[in-house]
Structures are given as C-alpha cells and as structure tokens.
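With chain A held as given, fit chain B onto it using these hints.
As you go down the protein sequences, you meet chains A and B in turn. Going by the numbering used here, 152 is the number at position 152 of the first sequence; the sequence numbering is gapless. Going by the numbering used here, 1147 is the number at position 147 of the second sequence; the sequence numbering is gapless.
If you are wondering where the hints come from, they were derived from the structure by calculation, not from laboratory data. One or more of the hints may lead you astray.
[What the hints assert, rightly or not] Straight-line alpha carbon distances no greater than 30 Å define the calculated BS3-like cross-link-like pairs of lysine-lysine that follow:
id, chain 1, residue 1, chain 2, residue 2
1, A, LYS20, B, LYS1047
2, A, LYS137, A, LYS234
3, B, LYS1199, B, LYS1266
4, A, LYS20, B, LYS1234
5, B, LYS1047, A, LYS397
6, B, LYS1047, B, LYS1146
7, B, LYS1051, A, LYS316
8, A, LYS5, A, LYS286
9, A, LYS401, B, LYS1047
10, A, LYS401, B, LYS1051
11, B, LYS1146, A, LYS398
12, A, LYS397, B, LYS1051
13, A, LYS76, A, LYS5
14, B, LYS1199, B, LYS1307
15, B, LYS1146, B, LYS1185
16, A, LYS316, A, LYS20
17, B, LYS1047, A, LYS318
18, B, LYS1051, A, LYS318
[Stated by the list, open to error] Short derived list, chain A residues pointing at chain B, Cβ under 7 Å:
id, residue
19, ILE182
20, ASP340
21, ARG343
22, MET347
23, GLN350
24, LYS398
25, LYS401
26, VAL402
No residue lacks a Cβ here, since even glycine has one placed at the ideal position from N, Cα and C.
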Amino acid sequence: MDLRKIRQDFPILQDNSGRKAITYFDTACQSLRPKPVIEAINQYYLKTSACSGRSMHQLAAEVTRACDQSRLAVAKFLNASRKEEIVFTRNTTEGINLVANSLNLQKDDVVLISDKEHNSNLIPWQVAGRKKGIVVKRIPSKDDNTFNMAAYEQMLDNKVKLVSLGSTSNLDGVSIPAAEIIKRAHAVGALVLLDAAQTAPHQRINLKALDVDFLALSGHKMLGPSGTGVLFGKYRLLEELEPFLVGGDTVASTTYETSEFLPPPEKFEAGLQDYSGIMGLGAAVKYLGDIGFEAIQKQELLLNEAITAELRNLPKLKLIGPADARLRGGIFTFYLEGVDSHRVALMLDQMAAIMVRSGQHCVHSWFNAHNIPGSVRASLYFYNTLEEVELFTSSLKKIGKVF
Amino acid sequence: MFCIVAFVVLSILGIFSASNRTLAKEAMDCVLRRVTLRPCNTGFDEKMKAKILGVVITRSEGAAIFLNHYFEAVAWVFFVLLMASSFFAVRGVFLFYVTGSCNGLNSTAFCVFDPNGNNNQISNVSSDCYVKPPTEQDLTLTGVDKSSFPVVNQTAKDDQIFFIGCYACDYTRAAYPMIRELVNKYSDVNFIFADYPVKEKTDYLSKVGYCVNKDSPDKFWKLNDELFVTDKEKLADTAFIDNMMTGLGLDAAKVESCVADPATEKTVQGQFTELRKTKFFGTPTVFINDQAFVGPKPYRVYAIKLKGLLYFMQ
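Same shape as in the complex, but just chain A (with noise of 0.2 Å):
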C-alpha cells in the first residue's frame, strides 16, 4: 500500500487553504472521503441528475443504471447471494430500526444484545419492548470488554428469537466472534441481526460464510457519503418482513383500499433515494476493495500498537478494553483520571488539529453501567500515518503533565 499516493486521494488531507494541517482520529464516527467518491456524487448532479427506476427518459436509465451497479457492487463487497438482498437505507440506525419494527417478534419473545451497544443497538429494542411487549435482555462483557461467549450460551434458549450484536464495538474497537455465535444462535432458532457500522471499514464480510441473517452498515464510515447505509437480509426473511417506510416506489399498484408491495429490495426504499449517495457508496466499497482488507488491517493494527506501546503507562491514562491492541482493531479508546474527556479532546485539536472523538459515543448505557463520566476516541483508518501517531501520543503526553 503507498500511503502517500493514498493520501494523495483524500482532498481534506491536502488541504492548505490557511488551516493546520490535519489529523483525522475520527473515522469511526465519519470516514474521509477520497475523490473518487466524491466524483461520483458529482457525477449524479453534474451529469445525471433525475429519478431513478420512475420515469423513461435517458438520465432516469442511466441513474437507475448506476444505482443497480452500486447495489451490484456492495452485494460483491459483502459477498451477498444476490443484490436483492440489499436494501439501501440512511444508515445503520434506519436498517436495525426497519428490523425491529418489521420482524414478527411477539409478546415474550427474548432478544439479546451485549452490554455495550451503541444507542442504535439498544434504544429500538427498547421501544419495541414497549410496543410488543418483547424480553430485551444483556449479555455481560468479559473484564476486558470481549465477547462473554459463555454467558451468551447460557443465555440462548429457545424462547430467544433474535440475537441482535454490534459485530465490532464502536466503544473500544473489539470485535466478537460472529459465525461461532450465529451458528449456536441458530441451533436453538434464533435469528442474528449484527450491526456491522465498526466492521465493514476494517475486515472483509462474507455473508454468505457468515450465513447471518439481516446485517445493518453505514455508508459514512467506510469512505461513502453521509447519509446512506445498507440493510443485508436473507431474501427469504425480507419478503416475510413488513414494509417499515412505506410510499412512493414501494409499490407496483395501489386501489384506494389496498396496496400491492413490489418484491424486497424496493417494498423497504419508500420515497425518492440518495442517489448520488448510492453512487458514491458504490465508489467507496470499489476504492476499499482495490486497497484490500489484508492492507488496511495491517496499517491500523501497526498505528494502534505505536499508540498503545507510547501511551501504556501514561500517568493517569486509562484504555477501554483489552490491553492487546490485535484486539481493539482501529481504535483507541481512553480516559485521563479526573479530566474531562472534551477537554482532553479540544486541546488536542487547538493544539495540532488532532480530531478525536470524546464524551460516551452513544453508549451511554456502558458508561452509565461503569460510572464513567466519559473518554476520548481515536480511531484509526488506513489512510492514517505513523507521524500522526506520533503527534498524537507526544500531544496527549504534555496534556497528561498540565493535569
């Protein structure tokens, strides 16, 4: 991988129009973008801006063209079985929240989720709890934060429905063992949503080895525009489920009583789509395939060992998660005893435009669980570089002798 051609890439990391050059810690909340995606939501305004799949006219046929590619080439990306399985959504919230709206969960049904999720993980089962009446409970986390696979299989039984886990944590990068876990989620007949925001940009998914049965992504975080996500789900179980949104185009007729739902992935896409952000999704799941996984993991397991070998025995520091960085992926998730983590985090962007993230990352539920008033994130992508590292560790080590 040639980082400085990659970079190259990036037009934000060339940016020099008057402001510190910048580092970017943040991609676990939002990925750059490189030209190519940009180019290609360009392409949709400057050249084919119209509807798609609607009207017949030339730039309509052609979106809808490029819109039939991109969901083409994300189906390839996660090695789905076929491209009707995906189903393009804002984000990964839209795509847990269909779910939890749409499957047939009755009165008593048991749904997993770990003790970390993400609020989009958690808080839609929550209301569905409300609404259906559905047993929402929590897999306990090792010490370090890993997956607990015998809690989990103490917990599995067959009253539980869904087990519905965020694949890898945004909270500290770790990520669990998904296809042990859905194999046994299986054995007792439960189905397997898996929130794959933090593990799409960093490791390869094969749906069909995974054999999961629906799995939710952001676009956002994998180099693609904002605002566009998927939903993957086994074709079988998208035509059982309801149409969550429901509208224009997810219909082939309607009489004034009743409607007639177009075959999945349209009944799920009501009203006029993002196209230009499926066509830039459809360019980034392109850019992350020629850099390959093999590349990407390596550079950000390379970064977050720098780090954590620099910032284990900071004074007062406190990582999130198992110490061995193999196991926390991209991410670097830590607090200062006694200093509050935005402090932390608007010091190292006034000091040398490091941008991290800080506060609970939407798990506040963990945070609150562990009377931890919040921490700082760095997450780490490909496009990152050792000297960033450095400045990152040498910056966060005089904030550790100010306080």
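Leaving out everything else, chain B in the frame of chain A:
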C-alpha cells in the same frame, strides 16, 4: 468570573466574526446563569479553558500547568483588569465628550478619538514673554482688566467668554467660528475678544481692531469676522486691510491715523500686558467664566461648559 470576561471579549470580537458571536451567546447564557445563582452547566467555561490551554501548552508547558491550576485566580485578575479598563474606557469617552480630550481638559496625552491631538493644538507664545514658562494650571483671569477689549452682549450677567486669539493662527481660526456661533445662539453670554498677535506680521491688526472698536463697535465685529475668514497671507497687506475696512463702511484713513497715534500703541501694549497676566501660553485660549480651554475644542465642549450636558435641548 471567566464567563463575564469571555462574554465581554467575545462580544467585541463578535462584531467582526460570526463564530465569536456564537461563543458570545454561550458566554452570555453562562453569565445569566451565574447572576441568577444557578450553576453554569453549559460547559462553556470548560470548553474555553481547554481551548486556551491548548494554545498555551504549545508555547510553554509550565505556563499551561500554572494556568490549569490557577485558572480561576487568573480569571479574577482579568476580571479586575477588565473592570478597571472598562472604567477608564468609559471615563475616557465621557471626558472626550465633555472636554475634547480622553484624559481631561487640555490634556495633550494620547487620545484614540483625537489621535493627532487637534483639540489641544495651539500657536505658541514665545517663552521669552515669561520668566518661567506657564502651564495650564497657571491660567487665570484674576486681576486681568478686560474693560478695554471689544465685547458682545455687554449687559449679559450669566456667563462670560474671554477669547484670546490671533488672526493668522490656524487653531484660533478653527475655534473662533464656534465661539461666534455660541454667542449668536445664547444672548445671555457675554463675549470678549482679545487679539494677541503670535505671528508678528499681524501686529498692527491689534491696533486696527482697537481703533475700529473705539469708534464703531458694531463694525468691529464685522471686521473681526472678516479677518478670520480672509486668506492668512493677505493679513499682512495693509492696503488689503484698508480696502476691507472701506468695504465695511469704515474710514480707513481715520483708522490709519488712529493706529499711528502713540496713545494707541500705549493702550494696545497695555492690553498685551493684561493678557500676559492670564499666563496664557498659546492661542487660542478661551476662558469660559474661570475655566480655560487651550486649543480649538469641539463646539459641544464650549456649549457643555455654558449650558450643561444637555445643551442641545436648550
């Protein structure tokens, strides 16, 4: 304390920058919470502290450590400084409005509203005139006989303006029209004019003035007004002055004769002696009652002295 300091500073910066306006709003929210005895839980002070520390730490870790530990104390220091500077700023604006100088009447110290000190400029009287150069504190009308000088509204009792000026001096020429305007507007103000020729080439105009005023006081003021608007270079031209007098209906020959009279010379020198008793050191020097105004002040300064701060309502 930090919120208050930040609110003031950011409000000023906010005039020029939208991002600072947003921060100023946050600061104001914080201030409002503080003054209503509620905790400032908006995070504003924390955010600003972090930003400040982030800047300071890149220059000096020691300073950042100090600032972090004594942030509240430093904020208090800045608060006190802010209050003090605000007081002096308001005082400066007030003084400028009332006296034409930020630092008090006749002060020549720098004033941002009058950076060139135009309101205090004078045409200096030669220091040879005095054993010890006088200062503003020495200026006085005590013991000065003003009876031989031209006067307008002689019967007015309330206020008196005693104007010492020089026909060929720029600063006198700047002040004179304002004083005339005042006198025209307020008939209860007694106005005495005294010429002191700082520019020697206009010496004889003092005698001309004396002679004209002696015979035709009304025409003196017309002549006086004319002299202050006439091109300075022509003031030394006696033929030009004669023509001017003729134009005003005066008998130039008779005035010339009076000017040549040794008695006139003696009287005028006597007037100069009286003027020097005021210890004035330049023109224009305007006494309004007992208060001396050195240099050409803005109109409002003279008006305020005569009629108070709300002079414009009278």
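Evaluation of the provided hints:
1. A/LYS20 / B/LYS1047: Distance ~20 Å between A/LYS20 and B/LYS1047 Cα, so the pair holds.
2. A/LYS137 / A/LYS234: With a Cα-Cα distance of about 24 Å, the restraint between A/LYS137 and A/LYS234 holds, given a limit of 30 Å.
3. B/LYS1199 / B/LYS1266: holds (20 Å)
4. A/LYS20 / B/LYS1234: violated (66 Å)
5. B/LYS1047 / A/LYS397: Given that 30 Å is the threshold and the Cα spacing comes to 20 Å, the pair holds.
6. B/LYS1047 / B/LYS1146: violated (69 Å)
7. B/LYS1051 / A/LYS316: holds (21 Å)
8. A/LYS5 / A/LYS286: holds (17 Å)
9. A/LYS401 / B/LYS1047: Holds: A/LYS401 and B/LYS1047 sit about 19 Å apart, inside 30 Å.
10. A/LYS401 / B/LYS1051: holds (16 Å)
11. B/LYS1146 / A/LYS398: violated (77 Å)
12. A/LYS397 / B/LYS1051: Since the Cα atoms of A/LYS397 and B/LYS1051 sit roughly 17 Å apart, the hinted pair holds (cutoff 30 Å).
13. A/LYS76 / A/LYS5: holds (26 Å)
14. B/LYS1199 / B/LYS1307: Violated, at about 33 Å.
15. B/LYS1146 / B/LYS1185: With a Cα-Cα distance of about 23 Å, the restraint between B/LYS1146 and B/LYS1185 holds, given a limit of 30 Å.
16. A/LYS316 / A/LYS20: Distance ~29 Å between A/LYS316 and A/LYS20 Cα, so the pair holds.
17. B/LYS1047 / A/LYS318: holds (22 Å)
18. B/LYS1051 / A/LYS318: holds (23 Å)
19. ILE182: With Cβ-Cβ at 42 Å, over 7 Å, it is violated.
20. ASP340: holds (6 Å)
21. ARG343: Cβ of A/ARG343 sits 4 Å from chain B, so the hint holds.
22. MET347: holds (4 Å)
23. GLN350: The hint holds - A/GLN350 has a Cβ within 7 Å of chain B, the shortest such distance being about 3 Å.
24. LYS398: Hint holds; A/LYS398 Cβ to chain B Cβ min 5 Å, cut 7 Å.
25. LYS401: holds (6 Å)
26. VAL402: holds (5 Å)
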